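Listed here are the chains, written in short residue letters.
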Amino acid sequence: MTAAVLPALSNLSTLPAAFQASEVNYVAVMPLFIVFVTALIGVLVEAFMPRERRHRVQVSVAVGGLLAAAVSIFWASSNLGLTMGLSDGSTNRSLFALAIDGPALFLQGAILLMGILGVLTMAERFGGVGPDAFTPSGASTPGSPVETAATRAGALTSEVFPLTVFAIFGMMLFPTTNDLIGMFVALEVLSLPLYILTGLARRRRLLSQEASLKYFLLGAFSSAFFLFGTALLYGYAGSVYFGDLSSAISTAPLAMNGLLLPGAFLVFVGLLFKVGAVPFHAWTPDVYQGAPTPVTGFMAACTKAAAFGAILRLAYVGLDTARWEWSNALVIVALLTMVVGSVLSVTQTDMKRLLAYSSIAHAGFILVGVLAFDRTGVGAVLFYIVAYGFSTIAAFAIVSLVRQNGAEATHLSQWAGLGKAHPVAASAFAFLMLAFAGIPLTSGFVSKFAVFSAAVGSGATGTVLAVVGVLCSAITVFVYARVIVLMFFSEAPAEKVEVVTPSAMTTFSIAIGTLTTLALGVVPASLLDLADRASQFVR
Amino acid sequence: MNSYVPILFMLGLGFAFAALSVFTSLVVGPKRYNRAKLEAYECGIQPTPQAAGGGRVPIKYYLTAMLFIIFDIESVFLYPFAVAFNKLGLFALVEMVLFILTVFIAYAYVWRRGGLEWD
Amino acid sequence: MTSSAEAAGFWILAPIAVIAALGLLFARKAVHAALGVALVMVILGIFYIMQNADFLGVVQVFVYTGAVMMLFLFVLMLVGVDSSDSVVETIKGQRWASLLLVVGLAGLLFFTIGATVVDEKTVQAGIDKVVATNADPGNITGVAELIFGQYVWIFEVTSALLITAALGAMVLAHRERLTPRITQAEWAAKRVRDNRDVAGLPAPGVYARHNAVDTPALLPDGTPSSKSVSRVLVARDQVATTDSLRDVERHMEREIEEGGAK
Chain A
1 MTAAVLPALS NLSTLPAAFQ ASEVNYVAVM PLFIVFVTAL IGVLVEAFMP
51 RERRHRVQVS VAVGGLLAAA VSIFWASSNL GLTMGLSDGS TNRSLFALAI
101 DGPALFLQGA ILLMGILGVL TMAERFGGVG PDAFTPSGAS TPGSPVETAA
151 TRAGALTSEV FPLTVFAIFG MMLFPTTNDL IGMFVALEVL SLPLYILTGL
201 ARRRRLLSQE ASLKYFLLGA FSSAFFLFGT ALLYGYAGSV YFGDLSSAIS
251 TAPLAMNGLL LPGAFLVFVG LLFKVGAVPF HAWTPDVYQG APTPVTGFMA
301 ACTKAAAFGA ILRLAYVGLD TARWEWSNAL VIVALLTMVV GSVLSVTQTD
351 MKRLLAYSSI AHAGFILVGV LAFDRTGVGA VLFYIVAYGF STIAAFAIVS
401 LVRQNGAEAT HLSQWAGLGK AHPVAASAFA FLMLAFAGIP LTSGFVSKFA
451 VFSAAVGSGA TGTVLAVVGV LCSAITVFVY ARVIVLMFFS EAPAEKVEVV
501 TPSAMTTFSI AIGTLTTLAL GVVPASLLDL ADRASQFVR
Chain B
1 MNSYVPILFM LGLGFAFAAL SVFTSLVVGP KRYNRAKLEA YECGIQPTPQ
51 AAGGGRVPIK YYLTAMLFII FDIESVFLYP FAVAFNKLGL FALVEMVLFI
101 LTVFIAYAYV WRRGGLEWD
Chain C
1 MTSSAEAAGF WILAPIAVIA ALGLLFARKA VHAALGVALV MVILGIFYIM
51 QNADFLGVVQ VFVYTGAVMM LFLFVLMLVG VDSSDSVVET IKGQRWASLL
101 LVVGLAGLLF FTIGATVVDE KTVQAGIDKV VATNADPGNI TGVAELIFGQ
151 YVWIFEVTSA LLITAALGAM VLAHRERLTP RITQAEWAAK RVRDNRDVAG
201 LPAPGVYARH NAVDTPALLP DGTPSSKSVS RVLVARDQVA TTDSLRDVER
251 HMEREIEEGG AK
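Chains as they are written, first to last, in the UniProt record's numbering: chain A, 1 to 539; chain B, 1 to 119; chain C, 1 to 262.
Calculated from the structure, these hints are not laboratory results.
Small disclaimer: the values here were computed from a predicted structure and weren't measured.
All C-beta atoms, glycine included, are put in the ideal place defined by N, C-alpha and C.
Please note that a few of the clues may not be correct.
Distance condition first, Cα-Cα at most 25 Å in a straight line; then the derived SDA-like pairs of lysine to any residue [unchecked claim]:
1) B:K60 / C:V37
2) B:K31 / C:I256
3) A:K214 / C:K92
4) B:K87 / C:E156
5) A:K214 / C:I256
6) C:K121 / A:K214
A short, non-exhaustive set of chain B residues, derived as facing chain A with CB atoms under 8 Å [said to hold, decoys possible]:
7) G12
8) A16
9) K31
10) R32
11) L88
12) F91
13) T102
14) I105
15) A108
16) R113
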């Protein structure tokens with residue numbers, strides 16, 4: 001017994017005799033640093049820049065900073081390894097907070113690029129001063145004279161840009177952290193700005209505030225689950241580092257499993273909540289509907305990328321040695337997510353809710369890739385995240401353009417006949433729908449093919465998952481086809497619905513999103529190759 | 001653990017004093033009640049009634065309290081830093097200065113945007 | 001494993017903490033619920049101290065009970081102590097279904113975690129290590145060495161959370177002033193210029209029991225002056241009527257006379 005528990009004993013955080021400072025590889029963490037500093041500059045701009053110039057400066061700071069961070073990933077990629085911590089000589093353990101490896105840097109890059117598109121769609125003002133997506137005065141009562149006065153004075157909540165950059169910082173950190181505490185802090189850093197952003201819609205503010213409150217309460221609840229799980233896993237392994245956790249699992253006595261299993265499940269609950277997997281999906285439709293549409297697009301793409309990165313790291317680095325204990329539960333979650341997401345998307349009548357349920361179904365498909373448990377699975381998940389992210393940002397950007405009397409027309413009936421009046425926007429949207437459905441020559445097909453073939457290659461369970469996945473894809477094809485038929489073959493509603501002409505920024509986002517969807521469908525090889533090369537975790 | 005015994009003792013003393021004062025005034029004090037005397041504040045000022053229709057109340061205090069918590073947490077980190085200052089060396093000093101600067105950016109923002117003014 | 005003093009402290013305080021936590025769920029008044037949470041937080045702080053984490057225990061009381069709970073309480077005071085949630089179920093049977101699931105989850109966690117056999121020696125080694133750390137570099141120094149040593153990155157990232165909190169509080173709770181602020185001197189100048197209420201508005205009425213801002217003063221002819229109460233109170237329908245106040249005044253004079261006669 002004593003020999004068996006020795007690893008757990010040696011893991012108990014020891015203090016070196018003399019204080020030992022962290023080793024930092026500054027090049028490897030440069031992308032994170034740049035994004036953090038960008039956010040700080042954004043806050044300073046909020047503080048000292050006069051109101052008229054704030055919006056433009058904020059957008060340039062955010063986009064410039066994110067671009068610089070994206071470029072710095074090239075240098076970081078030649079500095080792979082663990083950093084931001086110290087090696088404990090006495091027990092020969094490495095206590096590092098960050099794991100700069102292929103999946104981490106790939107996801108950081110993906111989140112940065114999708115984040116830039118997200119910021120550009122958030123910056124849309126349709127040429128005027130008023131009609132951006134965000135309320136002029138978040139503290140005023142909806143419909144009150146104060147709100148009207150703020151609108152008239154041309155007030156803008158330009159805090160959304162530093163908040164978004166903070167969220168991007170947290171998202172980049174989430175798949176990079178190498179310990180449970182760091183993962184929790186990253187989870188909060190990415191969530192808090194999203195809770196705030198969700199409540200800042202310009203129109204239908206009560207719905208937006210309700211969505212924000214729901215997201216906050218349920219998010220706080222899931223964070224509590226994550227923390228509870230962290231505490232149990234710490235009790236099990238005597239350490240919060242994934243490396244220690246993994247080695248403790250292979251050496252600790254079976255009698256301790258009463259801490260391991262609940263701990264692992266609770267931590268997974270916290271992460272699965274963020275990707276909107278069933279049964280932790282209840283917030284998704286309400287939040288996607290209530291949040292300002294550009295925020296929804298950003299959130300759908302980037303949060304999913306970050307959270308799946310964290311799930312990958314936990315499943316492949318931290319809890320890999322206990323895979324047989326928890327993988328069945330995740331299989332059930334994946335099955336439920338695919339089935340519930342695709343079946344409920346059939347009944348939706350609101351475009352944003354439809355896309356929300358579609359994102360739930362996609363979360364299920366990505367989980368199938370996670371459950372392949374080999375490098376092809378990791379590569380497929382990374383590819384899927386990028387493909388889905390770019391398509392979804394473009395899709396939500398188009399949703400924000402379709403308007404009736406100045407307000408977003410999100411009811412499906414309002415989209416009838418859109419293809420005749422506005423063929424370009426409707427065709428782009430139809431193409432994105434085909435990508436979501438997984439039709440060949442779109443990125444959706446390649447990504448689904450990648451995750452399902454990785455799943456089939458992993459064994460019988462994977463094959464079952466892949467078969468269910470294909471069946472669910474068939475259900476979603478019906479949903480998306482219905483939208484396309486509605487747009488091109490139905491009569492337009494009596495009251496005119498128009499597609500507002502966007503500025504260059506949103507046009508750029510939509511174009512890049514749609515073209516990426518096409519390019520990854522026609523010539524996916526280079527990104528697939530990159531994702532495959534980036535699929536190795538460091539420990 | 002023993003260093004907490006005086007605190008426990010003080011706590012007990014505090015409770016005892018409070019209980020004794022209440023009890024003594026209960027026994028010794030004269031009791032002549034009228035309606036004004038039974039009101040919450042015995043000075044003629046009514047506790048603010050709920051606005052008709054459950055009206056909204058501006059929660060300015062929330063901002064002040066939130067800012068207090070932010071700098072409260074900052075000071076929580078300052079305390080161990082100050083205690084262990086001699087052992088930590090230059091790296092920790094730089095880290096702490098960066099941390100304080102970072103949080104002060106938030107302070108600058110709140111101050112410039114009028115978050116510290118009450119109305 | 002644990003000293004008998006610690007065990008005794010635990011078994012006395014833990015039930016109180018559980019009762020206080022249940023009070024949060026079942027208290028009808030929001031203030032009582034908040035006080036229940038405050039009690040839980042204090043007891044948690046005591047637990048930390050009992051487990052040799054002195055600094056953590058003090059910080060727990062300092063931050064949670066001192067700051068966070070006071071925030072809760074004062075916001076509750078401002079929003080109104082009376083306000084309580086509507087408990088109408090929007091989905092039928094939701095309450096029972098969720099209760100069933102909660103009991104199931106709690107039972108599952110209880111039995112799996114309860115079945116864990118923890119090696120006494122490992123635990124004792126951990127406690128010894130903490131005691132040794134508290135003795136040699138000291139508890140707070142030990143915490144400092146962790147925060148500024150291996151966890152320094154997490155410490156720095158915490159500042160992002162703090163800034164986000166400040167941004168969020170400002171965005172959601174601070175109304176930016178869009179018009180320049182009118183100073184007292186400008187108000188005075190305006191009064192003189194308009195030649196209206198040059199001496200300032202009349203003060204609220206002072207009665208035997210009421211001198212609050214919601215009671216209008218009486219004009220020489222006995223009618224209440226609308227200028228003596230804030231228009232905000234008028235808009236909220238919170239102005240007291242003077243008739244009842246004068247009745248009360250007469251009533252009180254009688255009461256005092258009777259009291260004097262006794």
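Results of checking the hints against the structure:
1. Proposed proximity of K60 of chain B and V37 of chain C is supported: the alpha carbons are some 23 Å apart, at most 25 Å.
2. Our distance criterion of 25 Å between C-alpha atoms is met by K31 of chain B and I256 of chain C, whose separation comes to about 14 Å.
3. Our distance criterion of 25 Å between C-alpha atoms is met by K214 of chain A and K92 of chain C, whose separation comes to about 20 Å.
4. For the suggested pair K87 of chain B and E156 of chain C, the alpha carbons sit about 19 Å apart, so the restraint of at most 25 Å is met.
5. With a CA separation close to 56 Å, the supplied pair K214 of chain A and I256 of chain C exceeds the 25 Å bound.
6. The hinted pair formed by K121 of chain C and K214 of chain A fails the criterion: a straight-line CA distance of about 45 Å is larger than 25 Å.
7. A distance limit of 8 Å between C-beta atoms decides the matter here; for G12 of chain B the minimum to chain A is near 33 Å, and the interface restraint is violated.
8. With a cut of 8 Å, the hint placing A16 of chain B at the interface with chain A is violated, because the nearest CB-to-CB distance is about 38 Å.
9. At its closest, the beta carbon of K31 of chain B sits 47 Å from a beta carbon of chain A; the interface hint therefore is violated under the 8 Å criterion.
10. Contact between R32 of chain B and chain A, as hinted, is not supported at the beta carbon level, the nearest pair being about 47 Å apart and thus beyond 8 Å.
11. With a cut of 8 Å, the hint placing L88 of chain B at the interface with chain A holds, because the nearest CB-to-CB distance is about 6 Å.
12. Given the 8 Å rule on beta carbons, the hint for F91 of chain B holds: about 4 Å separates it from the nearest Cβ of chain A.
13. The interface hint given for T102 of chain B is met, as the beta carbon of that residue sits about 6 Å from the closest beta carbon of chain A, less than 8 Å.
14. Nearest Cβ of chain A to the Cβ of I105 of chain B: about 5 Å, under the 8 Å cut. The hint holds.
15. Restraint check, A108 of chain B versus chain A: the minimum CB separation of about 5 Å is within 8 Å; hint holds.
16. Against a cut-off of 8 Å between C-beta atoms, the interface hint on R113 of chain B holds, since the closest Cβ of chain A lies about 7 Å away.
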